[in-house]
Every structure is written in structure tokens, then in C-alpha cells.
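Trainee: This is what each chain is made of:
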Amino acid sequence: MLKLLRAIGFFLLALALFSSVTTSRADSTPSEPQMKAAFILNFPKYVEWPPASLASPSSPILVAILGDDAVANELAAMSEGKSVDGHPIQLLRNPTLAQCLECHILFLGSAEPQKAAEIVGQLKSASVLTVGESDQFIEQGGMINLALRERRIVLEVNLEATRQTELHISSKLIALAKVRGGKK
Amino acid sequence: MTALFRRISIRRKQVLIIMLTTTVALLLACSAFVFYDIVDFRAELVERVGSIAEVIADHSTASLDFSDPKTAEQTLAALGTESEVVAGCIYDRDGHVFAEYSRDGRKFAPPAPQATGHEFTGGRMRLFRPIKEGAETVGTIYVESDLKELPHRLRRYAAIAGMVFAIALAAALALSSRLHRLLSNPILHLAQIARSVAVDKDYSVRATKTSEDELGQLINGFNEMLAQIQQRENALQGARDTLENRVEERTNELANSLSLLNATLNSTEDGILAVDLSGRAICHNERFPAMWGMPEKVLATGRNEAFIEHCATMVEDPKAYYFRIQELLLQPHKASHDVLCLRDGRYFERVIHPQLMNGRCIGRVLMFRDITERKRAESNLQKANAELVQASRRAGMAEVATNVLHNVGNVLNSVNTSATLVMDQVRASRLKGISRVVEMLEPNANDLAGFFARDKRGPQMVTYLKTLSDFLAQEQEAMLKELTGLTKNIEHIKQIVSMQQSYAKASGVEEIHSPVALMEDALRIHLGSLEKYHVEVIRDYEKVPDITADKHKVLQILINLIGNAKNALTESEQPAPQAIIGVKGNGGSSMYFTIKDNGVGIAPENLIRIFSHGFTTRENGHGFGLHSGFLAAKEMGGSLSVHSDGPGRGATFTLQLPLKPIAKS
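Going down the list, the sequences are from chains A and B. Just so you know, the first sequence maps onto residues 5 to 188 in this note's numbering. Just so you know, the second sequence maps onto residues 41 to 705 in this note's numbering.
Chain A on its own, in the form it takes in the complex:
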């Protein structure tokens, strides 16, 4: 009897522990916009801009977002007070074309693919890292695409596009990414 009670107690305890672990796992799994925002904020570590675009060691890194409010909101939350190598991150929502030329990273949401293609075309050879989230983005001439494969975000890099600019993308990043466009 006592043994049985003890066995039941042990089982219940194990169950409780397991469930708590699984729930905590489920909670910690980030959402897609969160992941994308995190990826975008990580890019400055692996990308080198020409010295002119970051004049002083404390010049802000301008991140412009167009067409994806969910990612924009996440970015706003995550970039608060964040800086890379002393450069603070500054967000710019729905920028004008002129503003797009000024910024360092431009995220183009999948909501307006046509506009995205247009802007990418405008920015050709400008030192702006263009990041998109649609399968056509690379074909459109975008530099990095955040593609969703098997519920995971996979990086796609268009080395052809980056070579036309003064941007330099770290080999570490390239090692992780699927290189597209360059070979076409």
C-alpha cells in the first residue's frame, strides 16, 4: 500500500515537472516577427559599411522599415537602448525614398512587393543593406532574404547585389546563408 502510494506520488511529481518544462519551452519559442527583428538587429555585427556612412564612432545605425508593422513593432521593442560597437540603433518607419538612401539597413515587408522591387531598384549601388521576406526578393535584386522554411527562418544572400555596393558581408554570415542570385 505504502509502496503504491509512493509510486503514485513519484509519477505525479514527474508529470508535473515534465509539463512545466514543456510549457516553459513553448513560451520561450519566439514568434516569427520576433525572430526576424532579432535577425535584422544582428546584421550590423556581420556587415561593414563604408567609413563615410558611419562618420563618427557614435553615429547611429539607421534601420528603416517599410510594409511590415509586426516586425517594425518588434524592432522598436528590441532596439530600445541597443547599440552595435558604440553605434546606437535608430528606427525609421515608412521612410521616404530620400530617407531610404540615407539609412544603413532597409527592411522591406512582403505586404507591398511591387514597391519593394521599385525601391530596391532605386537603391542599386547605394551602401544600404536591403533585407526582405519574400521568395522573390532576391530575384528583385534584394541583398538578404529572411525565408521561412520548415517553421525556421533561413537566410538567403544575394552576393551579386552586395558586390555592386561598398558593403562587405562577413564570411561567417555567408557561411550560414544560402547564396542565391550570384550564380545566375
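No wet-lab data here; the hints were simulated from the structure. Just so you know, not all the hints are guaranteed correct.
[Unchecked claim] The calculated lysine-lysine pairs, modelled on DSS-like cross-linking and capped at a C-alpha distance of 27 angstroms, are:
#, chain 1, residue 1, chain 2, residue 2
1, B, LYS506, A, LYS86
2, B, LYS583, B, LYS636
3, A, LYS119, A, LYS182
4, B, LYS472, B, LYS423
5, B, LYS506, B, LYS496
6, A, LYS49, A, LYS128
7, B, LYS423, B, LYS172
8, B, LYS591, B, LYS415
9, A, LYS176, A, LYS119
10, B, LYS674, B, LYS591
11, B, LYS110, A, LYS182
12, B, LYS172, A, LYS182
13, B, LYS337, B, LYS359
14, B, LYS172, A, LYS176
15, A, LYS86, A, LYS49
16, B, LYS506, B, LYS528
17, A, LYS128, A, LYS176
18, A, LYS49, B, LYS110
19, B, LYS583, B, LYS496
20, B, LYS110, A, LYS176
21, B, LYS172, A, LYS49
[Said to hold, decoys possible] With beta-carbon atoms standing in for the labels, derived distance ranges:
#, chain 1, residue 1, chain 2, residue 2, range
22, A, HIS172, B, GLU84, 37 to 43 angstroms
23, B, ALA152, A, LEU95, 34 to 40 angstroms
24, A, ARG156, B, TYR197, 48 to 54 angstroms
Beta carbons are placed, not taken as given, at the ideal position from N, Cα and C, and that holds for glycine.
Given the structure of chain A, go ahead and fit chain B onto it with the hints provided.
Mentor: Relative to the frame of chain A, chain B by itself:
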């Protein structure tokens, strides 16, 4: 082990010590070597694995940043280049396992991530390194290695060490078996010399020095020691010879002094016995047993108790003898002096002296002297003395009687004169005139009125009677005067006689007397003769309390002293002889009678013996007066003293007496 070590020779000991030292040193060196290698191996492993981990960490940042575990695992697979690495994993920022590696492809359970560092546990090395992106830590890498390489290495080192060890030992053995001679040869030499010294007692041998080190010093010291011992030996021998001579000398001296002592002991007339505190007779002379008629048997006991027992049979009063012996035995350290009266009429004087050694009493020396002769002489002397006292007493009385007769004679002269004078006066008395008047009146007895009326002699008769009564009154007055003198003189005689009687009376009764009265009584005896020689008597009396004394004795002394003063004055040609008689108090418990004269005085040499018996300066003196006076004064608790500035300068005798007689014991 130690016992064995003690027994083996110094040669072997040396080799053993060298080998032991070498072994220990080699073992220590090998241990240090191995220990160092282990430490070094570990450090090298940490270094190697650590640097790989760091390289992998550096290449995993992007994978972490962009959540790419596959790439991370590919990077991690680089760990396979190190054969020791068993497994490894990468943790993300939150500590979750991000990528894993395992050498044999099996799943392993990664530990919880830790801060940078490493540990060796359970034959494994676990190492953690942070994955950093600039200053930011984005994850942790963990590498686990086994230490299989270590035993291989150790085995290799053990083989090398063993070889080195064997060669070193062989070399040490070869060297030590040659080198030990450097040390052990001199020691063995020294040991051999020491043995030869001990066995042959030959202190002239010397060890040979071969080196200048401590062994050389030891040999030097040993040789010096031998030299000193040799010197001492010689000195000792010399001292022994001298000592023998001196002992012989001393023995001779001692024998000499002993024989001297024996001779001395036997040369005396006294019997001498020395006993120790336990009553053992130490020695005695020949006279001792002879005096006491001690049988050989008693003497042979050598015990004082036996001697005492024998002596007790000899003495007059054994009880008192024993009692006194007991008393003396209780105080062995005290000297004593007794006289023993023996049954056979002999007298022994016994003198006991403690024998002291360093101030401690260790025994007693008894000395017996036969004093029978002396006793006899003493008793004869006493008898003679008594006779002499009697004689001088008689002589003194005769002198007093002469004085008395002389005084009485003087007084009797005036008595005689007075009596003749009174007789003459009575004979020539005018009483006859009355009888003539009676003759004239008798016939007219019947008619007296008529007679006076008719007879012309009647008126004349009245005048006659008046004149007659005046004469008779004168006569009476003169006779009364003479008779008063007469009575006085007779009284004087009476006093002299009663004085003589009181003097002659054997008194000894102590009564209370006025010192002045006593002095006056004594003076009175001599007053007549003093007047005769025109000696001026000056009385210098103080007021002193009465004394309690034997009047007879005091008077005897004072009369003698006054007599002496008179003699001293009559013998001198002093123009103004003077005797100052004094009675003085001293404010205390005694008083003084002083008799001072300015007569012949006393020579200083005589002052000291003036009170001795039989001393006199006068031709007819017997030298007893002052002596008996001196004794009498002493007997009364007083003293008699004399002072004189020398011949011709007078003398002062002082009799000091206590106011109350001292109680006689």
C-alpha cells in the same frame, strides 16, 4: 633494523648511507619529474583543448546569432581533430544546448553550463569557455576530454626513470666504494690507536693526521687529549708519591702526639676518663681505675654505666650520687664541678668537661682528683681560724677592757675630787654656829622673851642667824653642784660598764637602731683616750633613717675603726690631729658610716691587702680587726672599704650597710 645498523662496520655504514642518500635523491627527482609531467600534461591539454574551444566559439557566433545549430554542429565537429576530446556542446545565451558533438557519435548528457574554467574529475577534463561577440557573451562552449594519453606518457617516463635510476645507483656504488676510504681510513686509524691506548695503557702513541678537515681536528684533539692524559698521569703519580710521604709523616706526628697524650694522661695525679654521648668509654689513664679500685672486669666492659655502678658502691651516699649523675647526663654539654665523699674517708673532686668538636658536643671528659689531703688541711685551717678568732676576740675584749678601765679611771678621778670637795665642805660647815645659838638659847628655854629682853646678845643673835642662813645656802648650792657632777660621772661609769657588758654580750639579734646613736656609743668607748691625745673629734652627721642591724656587730666594726683612727693619729706627728666621724645616707636602700683621720695614712700597696687576714702595720697588732670587720660587714649585706691618698695623708674607712638586712639564705 637500527640494531643491525649499529653492528655493521663504519665502511659499510658509509656505503649504505651514500646509497640511501642517492636512492632518496633519485626517487625525489623522479617523483618531481613525474609530478611536473602530470601538471605539464594537464596544462598542455587545457591549453590545447582550450584554444580549439576558443576557435570554435569564435566561429559559432553567427550560428548562434542566426539560430543555425546545423552550422554550429559542423563547426563543433572540428573537435574530432583532437583524439582526447570525447564530446562537446554549445549552449545559447539562455543556457540551452544549441549544438552537440560526440566522438563515438553516441548521445551524451551535457552538464549545466558554467562560467569559464576547467576541472579534472573522474579521469576527464571538463572545460567551459564563453562565446563572445565583442564584449557580449552570446553562449558557452563545453569540451570534455579523456586523459588516456597520460598513462602512456607515465609508463614511458617510468621506463626512462628506472633506467636512469639503475645507472645512477651503479655509478654511486662504484664511486662510494672508492671514496669512503677518504673518511673511514682516518677513523679506523684513530679507532686502532684508541684501542691500543686502552689495552696497553701507553699514552705516548699518537695518531697520524692525513687531512685538515674535522677529522684532522679530531685527530689533533685526540692527540692533545693523549698528551694531557699523559701529563696528568705523571702528575698523579707524583702526587701519589707525595701523598704517601705526607701520610707517613702525619701518621708519625699522630703517633707522636698520641704517645704524648698518653704520657700526659698518665703523668697526672688525676684519674681521667673520656666517654662519648652514648656512654662508651673512649679512653682513660692508668690512674682512673687505680683511684676507684676498679676491677679489670668492670673496666673491660668499656661502658660508663658499669663504671658508675662500681663508683656508686664506693661513695658515701649512693642515692645522691646517682641523682647527681642523672642530672649531669641530662646536660652533657655543661661543665660541672662536684666533690664526692667516699666511704673510706677519701674525698674526690670530680670535674666534667664537655668534649666539643666544631662547636658540637660529642662527649665528656671526667677528671677525678683525690683531695682528701686538701680537705684535711682545710678543716685544720678552719679550726685554726676559729681558734684565732677566739683569741683575737679575747684580745679585743682585753683592749676594750683597757679602754673601759682607762675611761672609768678618768671619771673616777673627778668623782674622787668631787667627793673630797663635798667632804671638805661638809667638814667645814657652819652648822656649828646653829649649835652655838642653841647652846645660848637652851638655858633660857622657859623665858625666851625675857632673855631677848634682858640680854644684850639677843638682838645680835638675829643678825647672826641671818648671816648663818646665807652661808648655809651657799654651802648647799656648792655641794649640790658637786653632787650633780658626781652623779653625772657615776652615770658615765655606769654607761661605760653597761656598754662593755653589751659589747661582751654575744648578740646576733637584729634590732632597729639610730645610726647616730650607734656611732655615739662606739665613740664613747674611745672618747677618753681621744681627749687624752687632744684629738679633735668633728661630727658630721646627716639625718638618716634608722637601720635594722645587729648592734653588736656594728659596734665591733665602728669601735675597731675609731681605734685604728686613734692609733693612726697618735703614731703621726700631726700637730692638729683630727677625726671626722660621719653618718651619711645615700638616698637609697643603704647608708654609710665614715671615719676619716689625718694620721699616718696607708701605702697604696697595703690598700689591697689591708683587709686580709693577719695583716697589720702595728707592732702589737694581730691583723684581725679589719679582717673580721670586713667579714662582719659582708655578713650583714654591706661592705667595708678604705681610701687613702698615701702615707702621711690620712685615711678614710667607710662602712656601708643596708637599711634593711638582706634575707639570709
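Trainee: Does each hint hold? Answer for all of them.
Mentor: Structure-based check of each hint:
Distance check on the hinted pair: LYS506 (chain B) and LYS86 (chain A) sit about 197 angstroms apart at the alpha-carbon level, beyond 27 angstroms; violated. With a C-alpha separation of about 19 angstroms, the suggested pairing of LYS583 (chain B) with LYS636 (chain B) holds against the 27 angstroms cut-off. Of the supplied pair hints, the one linking LYS119 (chain A) and LYS182 (chain A) holds, its CA atoms being roughly 25 angstroms apart against a limit of 27 angstroms. Only pairs whose Cα atoms come within 27 angstroms are accepted, and LYS472 (chain B) paired with LYS423 (chain B) is rejected, the gap being roughly 72 angstroms.
Note on LYS506 (chain B) and LYS496 (chain B): the hinted pairing holds, with a Cα-Cα distance of about 17 angstroms set against a maximum of 27 angstroms. A hinted pair counts as satisfied when its Cα atoms are at most 27 angstroms apart, and LYS49 (chain A) with LYS128 (chain A) qualifies at roughly 22 angstroms. A C-alpha spacing of about 152 angstroms is found between LYS423 (chain B) and LYS172 (chain B), which places the hinted pair above 27 angstroms, so the restraint is violated. Taking the CA atoms of LYS591 (chain B) and LYS415 (chain B), the gap is about 35 angstroms. The hint is violated against a cut of 27 angstroms.
The suggested pairing of LYS176 (chain A) with LYS119 (chain A) is violated, with an alpha-carbon distance near 31 angstroms, which exceeds 27 angstroms. At most 27 angstroms may separate the alpha-carbon atoms for a hinted pair to count; LYS674 (chain B) and LYS591 (chain B) meet this at roughly 15 angstroms. Between LYS110 (chain B) and LYS182 (chain A) the alpha-carbon distance is near 13 angstroms, which keeps this suggested pair within the 27 angstroms criterion. Of the supplied pair hints, the one linking LYS172 (chain B) and LYS182 (chain A) holds, its CA atoms being roughly 25 angstroms apart against a limit of 27 angstroms.
About 24 angstroms separates the Cα atoms of LYS337 (chain B) and LYS359 (chain B), which keeps this hinted pair within 27 angstroms; it holds. For the given pair, LYS172 (chain B) sits about 14 angstroms from LYS176 (chain A) by alpha-carbon distance, which is consistent with the 27 angstroms threshold. Annotation: proposed proximity of LYS86 (chain A) to LYS49 (chain A) holds, straight-line Cα distance about 12 angstroms (limit 27 angstroms). Among the hinted pairs, LYS506 (chain B) with LYS528 (chain B) is inconsistent with the structure: their alpha-carbon atoms are about 33 angstroms apart, more than 27 angstroms.
This hinted pair checks out: LYS128 (chain A) and LYS176 (chain A) have alpha carbons roughly 24 angstroms apart, not beyond 27 angstroms. As the CA atoms of LYS49 (chain A) and LYS110 (chain B) are separated by approximately 21 angstroms, the hinted pair is consistent with the 27 angstroms bound. Between LYS583 (chain B) and LYS496 (chain B) the CA atoms are separated by roughly 72 angstroms; this puts the pair beyond 27 angstroms, and the hint is violated. This hinted pair checks out: LYS110 (chain B) and LYS176 (chain A) have alpha carbons roughly 14 angstroms apart, not beyond 27 angstroms.
For the given pair, LYS172 (chain B) sits about 12 angstroms from LYS49 (chain A) by alpha-carbon distance, which is consistent with the 27 angstroms threshold. A hinted range of 37 to 43 angstroms holds for the C-beta pair HIS172 (chain A) and GLU84 (chain B), which are about 38 angstroms apart. Between ALA152 (chain B) and LEU95 (chain A) the beta carbons are some 37 angstroms apart, a value that agrees with the proposed interval 34 to 40 angstroms. Between ARG156 (chain A) and TYR197 (chain B), the C-beta spacing of about 52 angstroms keeps the proposed range 48 to 54 angstroms intact.
In the structure shown, a violation is registered for the earlier hints numbered 1, 4, 7, 8, 9, 16 and 19, in ascending order.
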